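K.L.:
The lines below spell out each chain.
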Amino acid sequence: MTAPTPDALAPSAPSAPPVASGVAGRARAPRGSRRRTVWRWLLLLAFAVFFLVPLLAMLEFSTRGAGGRTFDAWRAIVKDPDLVSAITISLELAVLTAVGMLLLLVPVATWVHLRLPRVRRLIEFICLLPLTIPAIVLVVGVAPIYAWVTYFFGESSLTLTFVYVILVLPYAYRAIDNGLGAIDLRTLAEAARSLGAGWASVLARVVVPNIRGALVSASFLSVALVLGEFTLASLLNFNNLQVTINLLGKRDSAVSVAVSLASLVFAFVLLLALSYVGRRRASSGVTEEG
Amino acid sequence: MSASQPATARLSRLVPYLAIAPFLVYVTVFLLYPTLIVVAGAFTDDSNRLTSSTLRVLTEGVYLRAFARSIELSAVTAVAGAVLGALLAWAVWSGPREGPLRRAVTAAAGVLAQFGGVTLAFAFIATIGLSGVVTNFLQDQMGINPFSGGVWLFDMPGLMLVYVYFQIPLMVLVFLPALDGLRPEWREAVESLGGSGWDYWRNVAGPVLFPAFLGATLLLFANAFSAYATAAALVSQGSPIVPLKIRGFLTSEVILGQQNLGKALGFGMIIIVAVVMTLYALLQRRAARWLR
Amino acid sequence: MGYLELRDLEKSFGGVLALDGLNLDLAAGELVSLLGPSGCGKTTALRIVAGFETPDRGRVVVDGKDMTRVPANRRDMGMVFQAYSLFPNMTALGNIQFGLRMREVGATDRRRRADELLELVGLSPHAAKYPHQLSGGQQQRVALARALAIRPKILLLDEPLSALDAKVRVSLRDEIRRIQGELGITTLFVTHDQEEALALSDRVGVMSEGRIEQLDTPARVYREPATPFVAQFVGVTNALHGLADGDGVLIDGHRLPARGAAGHPRGSAIRLIVRPEEIGLSPVENGGPVSPGALTGTIVTQSFLGAFMRLTVRLGGDDGQLLRVDVPSLEAERHSPGSKVAVDLAARPPIVVAA
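Chains as they are written, first to last, in my numbering: chain W, 6 to 295; chain X, 13 to 304; chain Z, 8 to 362.
These are calculated hints, taken from the structure and not from any lab test.
Since this is a predicted model, take the numbers as computed values, not measurements.
Glycine is no exception: its CB is placed at the ideal position from the N, C-alpha and C atoms.
A portion of the hints provided could be inaccurate.
[Claimed, not checked] A partial selection of chain Z residues facing chain X, derived with a Cβ cut-off under 7 Å:
1) A79
2) M86
3) M109
[Unchecked claim] From the structure, some residues in chain Z lie toward chain X, with a derived Cβ separation under 7 Å:
4) F59
5) N80
6) F88
7) Y91
8) S92
9) F94
10) P95
11) N96
12) F105
13) G106
14) R110
Turn these sequences into a full structure, and let the hints guide you.
P.N.:
Quick look at the structure:
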């Protein structure tokens, strides 16, 4: 269940208008909006209840004990060897996928921007394709390929990296593409080349440092996706976090609920941190407003 | 490029394309070829002959019903998610753009929309499963047994509820940028011309947001239609929807003569999702024209 | 008593004082500009008049009626925003008709009025175009037509030209002036561009930090600045250091008559405001200065600016003050860098302001 996000699908954001309209700093709400404010907070409250109840229920459910509250299920997370190994594998997969994505996409995206504008449409189409091929369908076609992969690379779950990089393509490409679009890549590259830099240097020393925000963004999104991935791991018979949670659920539901809650909270913290990192990068860059 | 340097000139023009060759090879092996396997498989029978009989099986009974249920599930949760999500998006958007509320809601929406159907399935089992918190509350405090008519959580109604739980956040993520595209000048211009808040929504904001809203609904539809993990975690008996039917073909014995049926089901899914996504892309372009 | 009166307007945003007791009267049919740097409160004042902000204190009175608490959509004012205010889902015609629709004007009357206005702003062939198909200048013309369609009592313009290209800005500025004159509509115009303000207005209100420093005709604001801020904000100027000396000043030991000198204690440090184009230069032949008391200087640089030449002149010796002088290009041939000149600062009595 990898839901397509707006970032991956929205057409490239148009550049900011040159006028610094003084509206930005102004209070948005005009007078007579008290009624709107009441409605607004009522809605927020109602939705908060709807979304928090299951999460709180998870907390309650996972701390049920014979004589009241107990954190046994939570302690079991770090004691259950299957779970610990699954968490480790998922984290390793997340890192490997992020690295693989960066190695694969940054050169390609840079090259498309600099030298191959004609291929851009093709690359964009390829990168959006995973959104049109549901994971459940992809797994049917990928299964025979994985027979070869395990032949060459062994039975480890870490081989999932290959197909995970495909899954993260839409989000990662869009983030990196936007990042490259925001800097004046052509000028920077030409300046570097005129000063004698080879292409590897240009990539490593000019491109990467200037799109750090986009790279962090793409990496965080990849990590979140990999940690939550179930379909491919399960149907290719590998073990990752979500697969283990699911299997565990049949055996000991309290622990599986506890680790589910823990992973949701962890992913939340991750994405919240991302929103702060993204903003800081944007504000430390040079803005266009005069 | 004169004729006197054909070989080297042609070679140097190829070099940039060579640079992206690894990427293209990788994508071919792990995306394009698998897709081809599915598509080709849909059109062949067990002895690898080209035929439409595999696809025709899809139009019969069990499979047609599975598609119908998948479409129903997706449509209902898409509309519900779109309407409710738009309301939540509006409530969040009315506040400061970089404020903590918006950040927290966006992060939470990102998690719930994308993170993992398995964890959400367990969240609902803990809430309204057989020994769930809310179930116990209803039984102990109010004497109501929510499952008197059958355990619906592990069937279509349960799927609908849990799907809405991740559709609403997805809608918030997709629709907030559209709301951001509404310029405060429009509202003020309406007021200066004598209009009220209602006039603004009815004449300007509503029409301007409509393509984005419709597009988002389509996106939600595609999202629900493609979803697998939640259903896999909740439904262990039976396969009411298409993704679960495909699971059946991968995990259990396949009836002789229908080995490519799983691929045919996959092909059907691709077609439906592709159509929906194309419409979504077209609507996005229209929305972007007005919401720049 | 004016047609539009702003009385003692005060407004703070989160502890920051935007307006500090603003008073302004507009006569019917007058075009007044509020001119000032960003943050001076001019836009806040305009938005209070429009009804988008409520003042903490003070009143807005239109034609004798207190409008301070009237909601924005009942004020019968036309507003033109800086940019992006056209409704994207309506054609130019649709936009212009919007206000009339709100007033439930019938379709034929609406159409007729809208056509009239399209004609007035010179956009009749573009009636069926959508905003994204129009250029910036065209969009602002439609915005103007839209505001005027409802025959508002007052026209409010919030830096409508700031987002446009220089050439478009000038031509549209003249259009606005013409239309406003033709219709005789009371207009309040906000801008940070002093050329715009001087060219368009019947009167200019120069604002700084929430108050109006001077409200006067463009000519008087330029030639007789009331405060140092006005002198330095409007037009290019020199601000020479000197000492007050009764009804004149001492600049580098030379005494000159000056306006406002009497108001400063004798011997106190002052600055003398002299416009570059009001300084007279005459070349000094080898020999003494023309008159014993005259200031002399040496030309340091010259920049050709088309209609005139901008010279910098160093007064007195090597560490004297620098003066910017504009001379018509034809005259400029007489002055070359390095040559000595006699400087006449009193051709038009300069203004004294506190140091």
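K.L.:
Honestly, which of those hints from before does the structure not fit?
P.N.:
none
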